[in-house]
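Visitor: Each chain is listed here by its residues.
Number of protein chains: 4
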Amino acid sequence: MGMIGGGPGAFIGAVHRTAAAMDGLIDLVCGSFSSNAARSKQMGEDLNLSPERVYDSFEEMIQKEAKLPDNVRMDFVSIVTPNHVHFAPAKAALEAGFDVVMDKPMTFDLKEAKELKAIVEKTGKHLCLTHTYSGYPMIKEAKEQVRKGALGKVRKIFVTYPQGWLHSFLEASPDQKQASWRTDPSRSGIAGAMGDIGTHAFNLAEYVTGLQTSALCAQINVVVEGRKLDDDGAVFLQYNNGATGLLVASQVLTGEENNLTIRVYGEKGGLEWSHADPNSLLLKWPDAPMQVLRAGTGYVSDVAKYNTRTPAGHPEGFLEAFANHYRNFALCVNARENGEQPKEEWLDFPTAEDGVRGMAFIETVIASGKSDKKWMKFDV
Amino acid sequence: MGMIGGGPGAFIGAVHRTAAAMDGLIDLVCGSFSSNAARSKQMGEDLNLSPERVYDSFEEMIQKEAKLPDNVRMDFVSIVTPNHVHFAPAKAALEAGFDVVMDKPMTFDLKEAKELKAIVEKTGKHLCLTHTYSGYPMIKEAKEQVRKGALGKVRKIFVTYPQGWLHSFLEASPDQKQASWRTDPSRSGIAGAMGDIGTHAFNLAEYVTGLQTSALCAQINVVVEGRKLDDDGAVFLQYNNGATGLLVASQVLTGEENNLTIRVYGEKGGLEWSHADPNSLLLKWPDAPMQVLRAGTGYVSDVAKYNTRTPAGHPEGFLEAFANHYRNFALCVNARENGEQPKEEWLDFPTAEDGVRGMAFIETVIASGKSDKKWMKFDV
Amino acid sequence: MGMIGGGPGAFIGAVHRTAAAMDGLIDLVCGSFSSNAARSKQMGEDLNLSPERVYDSFEEMIQKEAKLPDNVRMDFVSIVTPNHVHFAPAKAALEAGFDVVMDKPMTFDLKEAKELKAIVEKTGKHLCLTHTYSGYPMIKEAKEQVRKGALGKVRKIFVTYPQGWLHSFLEASPDQKQASWRTDPSRSGIAGAMGDIGTHAFNLAEYVTGLQTSALCAQINVVVEGRKLDDDGAVFLQYNNGATGLLVASQVLTGEENNLTIRVYGEKGGLEWSHADPNSLLLKWPDAPMQVLRAGTGYVSDVAKYNTRTPAGHPEGFLEAFANHYRNFALCVNARENGEQPKEEWLDFPTAEDGVRGMAFIETVIASGKSDKKWMKFDV
Amino acid sequence: MGMIGGGPGAFIGAVHRTAAAMDGLIDLVCGSFSSNAARSKQMGEDLNLSPERVYDSFEEMIQKEAKLPDNVRMDFVSIVTPNHVHFAPAKAALEAGFDVVMDKPMTFDLKEAKELKAIVEKTGKHLCLTHTYSGYPMIKEAKEQVRKGALGKVRKIFVTYPQGWLHSFLEASPDQKQASWRTDPSRSGIAGAMGDIGTHAFNLAEYVTGLQTSALCAQINVVVEGRKLDDDGAVFLQYNNGATGLLVASQVLTGEENNLTIRVYGEKGGLEWSHADPNSLLLKWPDAPMQVLRAGTGYVSDVAKYNTRTPAGHPEGFLEAFANHYRNFALCVNARENGEQPKEEWLDFPTAEDGVRGMAFIETVIASGKSDKKWMKFDV
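Note that the protein sequences, when read in sequence, are chains R, U, F and P.
Counting from 1, position 133 in the first sequence corresponds to residue 133 in my numbering; the numbering is continuous, with no gaps.
Converting from the second sequence to my numbering requires adding 1000 to each position, the first position being numbered 1.
Converting from the third sequence to my numbering requires adding 2000 to each position, the first position being numbered 1.
Converting from the fourth sequence to my numbering requires adding 3000 to each position, the first position being numbered 1.
Honestly, the hints are just simulated from the structure, not real lab data.
The C-beta atom is built at its ideal place from N, Cα and C for all residues, glycine as well.
Watch out, some of these pointers could steer you wrong.
[Said to hold, decoys possible] Here are the simulated distance ranges between beta carbons:
#, chain 1, residue 1, chain 2, residue 2, range
1, F, 2051, U, 1124, 30 to 36 Å
2, F, 2372, P, 3241, 18 to 24 Å
3, P, 3153, F, 2042, 40 to 46 Å
4, U, 1149, F, 2060, 52 to 58 Å
Could you build the full structure based on these sequences and the hints that come with them?
Guide: Structural data, given as structure tokens:
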């Protein structure tokens, strides 16, 4: 694996590296860690990479690695830059024959997303978009419970992503890199919170239920004075089976951490999963006690089991969920290289299709937020 | 106290009687428990009332009790009938000189509500509207935390009232009295879930924050086929200080009980209270650990203390919260009768003013649900 | 009902009065609230009692009430004094023909307990000992789950009663009445924490499992310097079916409130109930998800239903659990007076038999704490 | 790193490999994965190791690796075999110049443990004993809170390790390898549950409080018929500062997973940590609200921060805690090789000293379980 972005201090770069390393399937062999060559160099040293494989730019990395012998060159690229530097390296990598893992949202805007999806399809490469939360075993279990009809027809979906870290004007401070680019339209795109975490929530709801959004109505707010992008919002949703939903994404809920929560209700039962207790899944019934399903047990579905590394009662978390996407992606890439068929459970990671839907969500939700009309069709 | 409604099998009638009895301040002395005279009689017997004070109609009760000597006649009326029989007995009682406790929503429609409020003002009697949840000690504490500025300026309010008991077409069954009238426009009014529980949520948000709703946008659904009134909905809210909010009220969330939850976020901190754990209040801070405040402790506010009967760790619940409203109401009535000034903490129960706002909420939210326009002003 | 003890400021007296009033079955008609006549008088006034029925001593009350006409005199006596004033009034009341409700532990020592039990048997009166916790509906459900064999043969019992309020030398302060008598051997008896809360835990374990303690080994501590009685301890238990158990009772666990917890494990499953969430009962299974049973639902046992006043999701608490004992006691007394057979579910309150076992627990546990021998037989 | 044990299907071997890989500091380069050469070979293949570095026995591995050039040979050995194969490979590795990571309990008996500790001291190598739980960031925080005196003088310690997986006679089944060796005195030693998980609990209590056990009294049970070693037990503890404690370790608590819990109470406050929610630490105060400290926040101690990889709200778990020990060990080994002083925070992993104390716990607790005497001195 070669990494683009993820220089000193970048939270998500370190997460990608740890997640990739966890299962012993993937080695980091090269990187272009920063647009600042000295910082990239420094990062390479910290990671004990050969200096000649720490590059000054992603273009250089892709070009030079492509020329290395098969058994030396990186197998794939991991892109962990801010949003405005997603499309170009992804396109370059794919067209140079590299598979791609990349952080969300997929691109800077919907147009880029559609173009990138076309490139993926043309090149036949894998693109894995790291919507972490669908990597959790009990989210897999939730999806399976819905799929097999345990809840009956789905009627209502609530997905809430509360954060508090942007409750003040953090971006005023020059050393707040995370806050700075995420609130800057020139690097983040047209959305703030809705792009950064709203897309996670949107993706999770569609992943768990297998439904597709058909219309929405958004209330989008800039709560903190001086901020340039939305930091808070709520969205009414309509789904293609007639269900309705509610999505909340906010980064100004003072004191909240990162407790993404999803609740789904059908004719026969309901489910609830919360990131604060990710190894549990609650199933609620009208005439029987609530059940607490737990990761690592013998009674969960095969797909939940496959995505767990330890027995029940040994908590797994964010890094393991992330690693599940990397593992599946790596196994798929490997299978293709060996001319083998990937197993169905390996194909279970977010793709360019999810990326396009996420970018469409961003554009629709921001447009709806500005509109006096109640409903806006969601049509990709 | 004389009771109107609350015949055999009526859930809320029994709740009112228990709540009224709890503090030894109030005796049930008469009642007109059912429009069916035999059932009213039966109920009176079950409650060991003198047969001559069990009446065939509320009109008869009010008329006859009014003629009894001071030290014999009932002190006030408690009205626990379905919504379409709220206004008439309340009007009659007030005009006959009786104070009134009544269940929510206050009336069948907004017009009645405004008229009733005018009668209250004219007669100088007390009207207590039993929005139970503002009777909880940790809701009092929440209000106090907001009032004293612990959270800073309020920015965001979430209030969610999930129930599941109407997830099926219960009203088809003739013995389902609770479901039957609540889903019947001729007895419930224009709203189902929004009237029955949405008004509780609406009231709680305004009570805790001291803010007033200024506009709203609703998504209102009839989920269960054949049902005549809304059973599910969500509402974007705008408040008079610029804050925004989100209200959810649904009776079709299969497997849910009655877990009303409120979360309020300000510039400096957030709070969370949930009916499933009513003796705790969570305070969340950006740079310090979350605190769990508990009812019955020494560190909570005086108003929280006043509304608790036992020390910390001795759970109090729904009936005690209800009893707090009855106690305050009774103390105020008593003070007035004795020509005394009521203490400020006694005046803390929901009034006709809350009733009018609740009915305005119902009318606005149902209108918004039908409208293509996004925002509707809330103006009472 | 006539009350002995429960003067101004007494926590448990107020609890008894509220619990007795709750269901409208019991009226407080007289009292001897304090050994100080002026304080007794004051309390009677606060409670709006007729001055002539507020007595200077319990002897006077029993004597005078016994002479009143049937339909006027108190039906039974409620004794809420410190432990050293339990036996005498109970004996006097029973022998004067009154049934008795009394707080725990039943007497000052085991000898008194056995004598009182004999008096109960001789007089044929009811004695209700207010071990509150067996009044909770989900404790009834727990007992029923064990009884019907859901857990299989019981193997292990944990019961833990943590309090923190005596973590400092509170009894040094003259206005700390609660702390003062509870830590005073002349009023409390030979045990402190083990008598005050250990007996609750001991009783709960036997109630839920239907087992009887056969031997024990105790570690008893006086943690706070200067204190005269135990304030902390743990006990290994052996039960008559071969199960073992562990009991913890402490009043110096700084920061703890009153979270009595019981866990029972059998061959087939386990259960857990905690006072902090008293309306839930956890059932744990080896090969199936944990279930959360909830008070007020349709699926719980009849006895759990009978002991709940509101539907699921309407929290009931300490006062309702307490009231359940009062209600059962009152219904039994009433049935006997009417020459009727009490229903089986009414007979479900702690009796003199429980009182004797509790006093035997106190004597055995304190003796074991002082002994170098490991095991001490428990034999009543 | 070279691994001894951890062949196909071995739970803890996979855990060690994942934990070692996680931070990109350690590569698995060789192994002797099974006493069965074919199974060892197979495991090597699964792990993509060079066939010539997959060995038939640990003796062969240590001997051959020792002869490889510095930059090729393994840096250290990881021993993940059953207890009876701990001492020999550890001794061999240390004496051949390799540092050692090994699973707990350290050896088969106390004699071996003392000998091994002496070898560690003689060779100057590092030995890391993987008592996982002290690797959790919020356990580090708990230790720090005690150390800095936030709780005042420690008075009471509760540590409970409940498991349920051995509630039936699992070892009867030949394919139950985990159950088989753990319940076999010839492979596990004289203790079952007390050795397997009791030692974890014992270690955690001493780690968090900094206290040392001075005496104990144990109730040790074999609950499941036919079992050869203890599967359940409880222990009263005395500590060297006068505090007392209670330790529970059981593998027959049907339905329990692995929820190790520790609670510590001092004069000024209490703390609670539970493996089911490992990223939280509860601090309890007598006159102030309970606080919930969370991993990854800005307000926790430096040592807690150092042992966390992600920001607050991104759950870390068992593998990360395990990895923290590996990381510290690897950094210490590396520092020594480079002639540098290890940082203080790196030296924070369990050592041979902990191993000796753990083995002494096993011997004392089993002896106490058989004794009629109440107290047994703990003296190492």
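Visitor: What are the numbers of the hints that this structure violates, sorted from low to high?
Guide: Failing hints: none at all.
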